[in-house]
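**Q** Under my numbering, the first residue of the sequence shown carries the number -17, and numbering increases by one thereafter.
This list has only true hints and no planted wrong ones.
Straight-line alpha carbon distances no greater than 20 Å define the calculated EDC-like cross-link-like pairs of lysine to aspartate or glutamate that follow:
no.: 1; residue 1: 435; residue 2: 365
no.: 2; residue 1: 435; residue 2: 465
no.: 3; residue 1: 131; residue 2: 183
no.: 4; residue 1: 123; residue 2: 421
no.: 5; residue 1: 226; residue 2: 357
no.: 6; residue 1: 195; residue 2: 228
no.: 7; residue 1: 522; residue 2: 402
no.: 8; residue 1: 92; residue 2: 138
no.: 9; residue 1: 522; residue 2: 505
no.: 10; residue 1: 346; residue 2: 221
no.: 11; residue 1: 226; residue 2: 261
no.: 12; residue 1: 522; residue 2: 125
no.: 13; residue 1: 114; residue 2: 96
no.: 14; residue 1: 557; residue 2: 128
no.: 15; residue 1: 114; residue 2: 138
no.: 16; residue 1: 522; residue 2: 463
no.: 17; residue 1: 313; residue 2: 430
no.: 18; residue 1: 346; residue 2: 228
None of these hints come from the bench; they were simulated from the model.
Values in this document were obtained by computation on a predicted structure and should not be read as measured data.
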Amino acid sequence: MRSENIKYILSILLIFAVTVAQAQRDTTLTQEVEVVKAYNPTISDANKINDMPKIEEEEHQKPTFNYSIFSQPIFNAFSVNELKAATVSMPPEENTGLGLVRAGLGNYNKPYGEVFFNSQNTKNTIFGLHGKHLSSHGKLKLEGGDKVKAPFSENEAEMFIKHLFRSSILSVNLDFTHNGFNYYGYPVDSIPAVLKEEDQEINYLGQRQTFSKGGINISLQSENNNRKDFTFDFNFLYDYFGTKTDQREHFGEFSADINKPLNTGSAILNAGITFVKADNVFNRHLDTMATSQQMWFTVKPAYYLGGDMANITIGFNTWIVQDNNADLVAKITPNVRLNFAPVKEIINIFAGVDGNYVNNHYSKIAYENPFIDPEHDVINSFERLHFYGGFDGKFATKTNFKLSVDYSMINEQPLYYLFEYVYPLVDNINNSPDPSIVDNDFKIMYDDMDLLKFNAEIFHTASEKLDLLLTGNYYVYKMNEQEQAWNLPDWDAKLSLGYKITDQLSVSSDIYAIGARTALILESQGFSDLTTVALPPIQKSYNLNTVIDMNFNASYKITQNFSLFGQLNNFGFQKYERWFGYPVQSFNFLAGLSYAF
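Let's have the full structure, built from the sequences with the hints guiding it.
**A** Here it is as structure tokens:
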């Protein structure tokens, strides 16, 4: 009787939550809105399709420890098409070797080398090493007609150890990355003559920047996700980040997840502490060059009730942030989620409401947009409410799907723009008028934003030889002050296809698409003749075209140890700008040889 009552109550709560979410969407859609993409949207792991495609060992996609929902060449941090293994590929063949060495060359003067080493399978411990180098020394043509040097380099080294206990896995990862690139971009017009002078210091055009990051990650994860068992998981992370422009960041974080079974459900607690310190930045509170330092305390208690067919989680999220140069900040959001599975493993309906306080620390923003002002100190964003709902499951035995809708209300959303300024006369310009120059490093403005997002995912495996993955997101938003969500698209999509033609030959293709975007330049008007008050800048907007980036990969096994590989990136020869003024490489390829040992 008690079980029936619980199911009855959960069903009522589920209908109520979906009704509220629907009402919220209906209200929003009747308003006048502009359509662009939200800032860096993500999907929680709990909502994703479970049976995701596996990466084939032959393609050798390295393990990644960074979040990513829609990682693709057009979003490469250094505005070139990053050379990756296919996203969807065939199941790995049995390989009892120790490792792999890959080497290749491509156009745009692009050398590539990568090595993997893994210990032989042992009873409880796995050990591995990985190193990579990829660089390019080519030139790119800007929209204004100038041809500029746009070199980049990516260097990675990492070591991991995993030890399996009876019911948990202890992981230790050490990693170091060193990435370099140029500030090579300039928007719309040809580059002003003053910027072509040797050792010019007006903006960053032609200057070199590097990002160096080293860290350690130690985690303990329980293998058993059953709410009926007591579990204690933890994660410790420390990263040191440095730039060529002399910014330094220390980032340390410790978090723990505890699940305690009780008579009628389970008590859940996620708690953690984060320390972040950045040197030589323009401190947003002091309005001068200084150090920025914050201490974060996070507590997220919840209670889980129900079973496999229907369950509910009720709790709240809290953050307390101590900034050395500002008042103490405290944030709280609800955390409620309902799940209902009328047909087990076929369909699951979910709905909920939560929120998030986003730590926009230095290295996070730098990797998101490497061409940002290197002295940046960005305000933290607060997603005060996030409503979501949808369903996932299976159309058929080999076809998984997910459909969902999210609605978020966000405060202090960062938006990127470029600034145009009339610089004082420079001596060696033959008495030319003062030049009007666009700074080619991005600045940040903030606005409150309401975001409505629609998401769809389908994964289908037709046989052991064919996999297909299709994902798409459509975004509707309303800004509080700004006319647009600058530089953010209104939709994105990805299609990945992998096919194993023979035991020796495998091919795959990825197509990435991103909707039209609107970029912004703020033009300075200087000061009024009658007062010393600065005049408001003039907004100049520019449309960036829709992007369709097509990529193709192939691998051919010559012998058990030797293989040939080839990658064609952007073979649609589309010229586009990932960041305003910064075009990416057009058609580029990479080919080489792999040796397994």
